[in-house]
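Novice: One line per chain: the protein sequences are W and R, in this order.
Here the numbering used here is used: the first residue of the first sequence is 1, the next is one more, and so on.
Here the numbering used here is used: the first residue of the second sequence is 1, the next is one more, and so on.
Hints may contain errors.
To be verified - Here are the computed lysine-lysine pairs in the DSBU-like style, where the Cα-Cα straight-line distance is at most 35 Å:
1) R:Lys92 to R:Lys74
2) W:Lys525 to W:Lys441
3) W:Lys175 to R:Lys74
4) R:Lys92 to W:Lys225
5) W:Lys510 to W:Lys457
6) W:Lys525 to W:Lys505
Think of the hints as simulated: they come from the structure by calculation, not from any bench.
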Amino acid sequence: MTAVISHPVPSAVSWVERPLLPKAPTGIAGLDEVTGGGLPRGRPTLVCGPAGCGKTLLGMEFLVRGITEYGEPGVFLAFEETAGDLAANVASLGFDLTRMQADGLLAVDHVNVVRADMDETGEWDLDGLFIRLGAAIDAVKARRVVLDTIENLFGAFSDAATVRSELRRLFGWLKERGVTAVVTGERGEGALTRHGIEEYVSDCVIVLDHRVIEQTSTRRLRILKYRGSLHGTNEYPFFIGEHGLSVLPITSLGLQHAVSEERVSTGNARLDGMLGGPGVFRGSSILVSGTAGTGKSTIVAQFCEAACARGERALYIAFEESAPQIIRNMASVGIDLARWMAAGLLQFHCVRPSVLGLEAHLLAMQTLVEDFQPSLVAMDPITNLIGAGQGIEVSAMLTREIDYLKGQGITAIFSGLSSGSELTSSDQQIASLIDTWLLVKAIDGNGERNRALYILKSRGMAHSNQVREFLITDDGIEFIDVYVGQHHVLTGSARASQEADERSKATALKQDIEQRQLNLERRRKSVEAQAAIMWREFQAEADIVERLRQQGSSAGEVREEERVEQGRLRSADADGTGAVEASAVD
Amino acid sequence: MNPSQGTGDSTLAQFEHALAELGLARYELTLFVAGASALSARAVADVRALGDTYLSGRYRLAVVDVHRNPDLVKSRGVLASPTLVKDSPLPKRMLVGDLSDTRRVLVALDIEPVGDPAPESSGAVG
Numbered sequence: 001m002t003a004v005i006s007h008p009v010p011s012a013v014s015w016v017e018r019p020l021l022p023k024a025p026t027g028i029a030g031l032d033e034v035t036g037g038g039l040p041r042g043r044p045t046l047v048c049g050p051a052g053c054g055k056t057l058l059g060m061e062f063l064v065r066g067i068t069e070y071g072e073p074g075v076f077l078a079f080e081e082t083a084g085d086l087a088a089n090v091a092s093l094g095f096d097l098t099r100m101q102a103d104g105l106l107a108v109d110h111v112n113v114v115r116a117d118m119d120e121t122g123e124w125d126l127d128g129l130f131i132r133l134g135a136a137i138d139a140v141k142a143r144r145v146v147l148d149t150i151e152n153l154f155g156a157f158s159d160a161a162t163v164r165s166e167l168r169r170l171f172g173w174l175k176e177r178g179v180t181a182v183v184t185g186e187r188g189e190g191a192l193t194r195h196g197i198e199e200y201v202s203d204c205v206i207v208l209d210h211r212v213i214e215q216t217s218t219r220r221l222r223i224l225k226y227r228g229s230l231h232g233t234n235e236y237p238f239f240i241g242e243h244g245l246s247v248l249p250i251t252s253l254g255l256q257h258a259v260s261e262e263r264v265s266t267g268n269a270r271l272d273g274m275l276g277g278p279g280v281f282r283g284s285s286i287l288v289s290g291t292a293g294t295g296k297s298t299i300v301a302q303f304c305e306a307a308c309a310r311g312e313r314a315l316y317i318a319f320e321e322s323a324p325q326i327i328r329n330m331a332s333v334g335i336d337l338a339r340w341m342a343a344g345l346l347q348f349h350c351v352r353p354s355v356l357g358l359e360a361h362l363l364a365m366q367t368l369v370e371d372f373q374p375s376l377v378a379m380d381p382i383t384n385l386i387g388a389g390q391g392i393e394v395s396a397m398l399t400r401e402i403d404y405l406k407g408q409g410i411t412a413i414f415s416g417l418s419s420g421s422e423l424t425s426s427d428q429q430i431a432s433l434i435d436t437w438l439l440v441k442a443i444d445g446n447g448e449r450n451r452a453l454y455i456l457k458s459r460g461m462a463h464s465n466q467v468r469e470f471l472i473t474d475d476g477i478e479f480i481d482v483y484v485g486q487h488h489v490l491t492g493s494a495r496a497s498q499e500a501d502e503r504s505k506a507t508a509l510k511q512d513i514e515q516r517q518l519n520l521e522r523r524r525k526s527v528e529a530q531a532a533i534m535w536r537e538f539q540a541e542a543d544i545v546e547r548l549r550q551q552g553s554s555a556g557e558v559r560e561e562e563r564v565e566q567g568r569l570r571s572a573d574a575d576g577t578g579a580v581e582a583s584a585v586d
Numbered sequence: 001m002n003p004s005q006g007t008g009d010s011t012l013a014q015f016e017h018a019l020a021e022l023g024l025a026r027y028e029l030t031l032f033v034a035g036a037s038a039l040s041a042r043a044v045a046d047v048r049a050l051g052d053t054y055l056s057g058r059y060r061l062a063v064v065d066v067h068r069n070p071d072l073v074k075s076r077g078v079l080a081s082p083t084l085v086k087d088s089p090l091p092k093r094m095l096v097g098d099l100s101d102t103r104r105v106l107v108a109l110d111i112e113p114v115g116d117p118a119p120e121s122s123g124a125v126g
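Generate the whole structure from the sequences, applying the supplied hints.
Specialist: Given below as structure tokens:
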């Protein structure tokens with residue numbers, strides 16, 4: 001036994017990066033993600049399902065991808081179809097079996113089992129089959145083997161017990177040879193396979209299904225068990241596209257897109273400004289959601305026009321309007337799409353969602369993108385796709401689509417119709433996939449309805465948190481600041497009247513100020529006048545005081561002189577003579 | 001029934017003629033076996049004994065080891081081993097198994113008509 005028994009419980013975080021079991025990648029889009037790296041290497045895997053579910057194709061693609069992508073030659077042991085039929089059936093997918101066989105990389109052996117010309121005459125074993133398979137494996141040095149559909153052996157031999165024991169031996173033998181095998185089985189009543197061969201293939205079981213719900217058929221894939229490995233447990237829709245199978249995991253896939261730093265304009269400078277200046281990132285996904293008649297399509301058309309104006313190609317996928325109708329409607333608001341169509345830069349793809357299943361829509365979109373090579377893809381509105389599938393499938397499909405577009409570096413803009421102010425479930429399902437989400441709202445009030453836009457989220461860029469009113473004018477979309485008051489936000493005529501009100505209030509205030517200034521000036525003048533008067537009074541008083549002071553000083557001198565004179569006159573008392581003289585004089 | 005009467009007669013006549021010829025036909029037999037396993041050895045012995053008893057002198061047997069001739073296994077469409085292929089006389093038949101069920105073998109090879117008890121032959125082969 002070459003099989004490796006793995007360690008017990010793998011950690012959920014690292015299961016993709018560090019597979020505990022050696023795995024053989026299938027190369028089938030999505031399947032390797034769901035299985036965490038591929039099928040168990042060196043072990044058989046059972047793929048079962050009803051007729052027409054894609055078992056044979058899964059097996060064939062596993063071999064072809066092994067040869068073309070992983071350098072592992074393969075053997076296809078066909079119990080149902082001849083080598084020629086198989087080659088013809090898969091030629092449309094671009095698989096050239098004949099060349100691979102000629103190159104010695106692929107061996108196709110058709111085992112024709114016809115019961116009619118066989119008689120069982122005793123004990124037997126399947127050594128003949130082992131030899132054929134062994135020889136084919138040796139011839140191409142095969143690392144992969146597909147047995148399609150081995151249960152046919154039960155039809156060939158009446159001794160079912162021997163077939164069973166031989167199958168058990170066969171699977172053991174395949175493990176010993178170390179080849180990774182895919183064994184297909186027809187779905188049985190109450191059992192996975194008609195003859196219960198799942199008992200012998202216990203490492204990995206994949207169940208395929210083909211269901212019709214509301215007249216839309218969807219193929220689904222489920223990993224029923226995968227011993228020793230974590231795996232996705234959901235039912236995953238898958239489709240058979242131009243390049244083979246494609247499984248759609250619900251969650252986003254590898255998330256390894258190269259990202260662009262380049263920003264592209266939304267076609268409206270004001271909206272660019274709200275998104276931090278240069279617009280949205282190239283290759284990002286944008287959702288414009290809102291209720292009916294809020295101008296979603298106009299915004300989408302503006303994005304398209306902006307792309308065309310830059311000389312880039314835009315693909316407009318419309319689900320509810322025809323191209324001429326969109327062109328006419330957009331022309332009325334000044335967005336001339338016809339010009340860009342004529343220039344070959346804009347292509348419309350108008351289709352009713354109910355015409356095709358989701359798988360087919362995805363396929364059609366990818367084909368268009370490959371043919372037209374646009375740099376922008378618009379889908380208007382994606383909510384209509386819900387008519388073509390269940391909500392969860394729509395989001396799975398959109399995941400796939402966004403992944404695809406991101407992988408190509410294509411900017412995607414979607415419009416989504418929401419039924420009310422609340423976000424609908426469809427919005428929520430795709431919310432995580434969207435990089436930039438613009439919400440357009442109708443604001444009712446005052447007997448009118450106004451449009452407002454705000455940015456719900458925009459990954460990786462500073463963006464405005466403000467609600468902007470926008471008008472759809474003859475020249476496209478025009479953004480206006482809404483009136484943001486202390487208690488409320490106003491739009492439309494209420495905004496206009498509020499603004500008029502503001503203006504008249506402002507005028508009144510201005511006049512008031514002018515008046516006050518005038519009054520103040522007058523007062524200043526009167527103060528100055530009073531000051532002048534008081535100054536003059538002061539001056540006058542000062543003059544008086546000065547005069548008085550001067551008068552006072554000269555009077556003092558006179559009195560001194562007089563005192564001296566009198567003293568001289570009264571000299572008698574002073575030295576006698578004088579007094580005598582004085583008295584003699586008197 | 002009249003128009004078909006003649007046809008029925010002629011078909012019957014052809015059938016009887018073919019039956020008479022059968023007794024004289026040369027048998028071309030190929031036995032595919034896997035190496036020297038017990039099953040293989042038993043099958044080879046069974047075919048030889050059967051040929052010698054019922055087809056003495058008018059059969060040719062080739063024994064092919066599937067391990068050595070995988071191309072022949074594929075071209076002859078052999079799955080099981082042992083497998084005895086009767087190429088001639090027509091119709092071609094493939095007998096799968098170790099041929100231990102002699103009665104079925106004889107019927108399949110058109111050696112003995114259906115319903116013949118033939119207890120001795122069984123003993124002779126065994």
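Novice: Could you run down the list of hints and mark each one as holding or not?
Specialist: Evaluation of the provided hints:
Pair hint Lys92 (chain R) plus Lys74 (chain R) holds up; C-alpha atoms about 17 Å apart against a cutoff of 35 Å. Only pairs whose Cα atoms come within 35 Å are accepted, and Lys525 (chain W) paired with Lys441 (chain W) is rejected, the gap being roughly 59 Å. Annotation: proposed proximity of Lys175 (chain W) to Lys74 (chain R) holds, straight-line Cα distance about 23 Å (limit 35 Å). Under the criterion of a C-alpha separation no larger than 35 Å, the hint pairing Lys92 (chain R) with Lys225 (chain W) is inconsistent with the structure, at around 45 Å.
At most 35 Å may separate the alpha-carbon atoms for a hinted pair to count; Lys510 (chain W) and Lys457 (chain W) exceed this at roughly 42 Å. Using a Cα cut-off of 35 Å, the hinted pair Lys525 (chain W) and Lys505 (chain W) holds, with the two alpha carbons roughly 30 Å apart.
This entry does not satisfy hints 2, 4, 5, going by the numbered hints stated previously.
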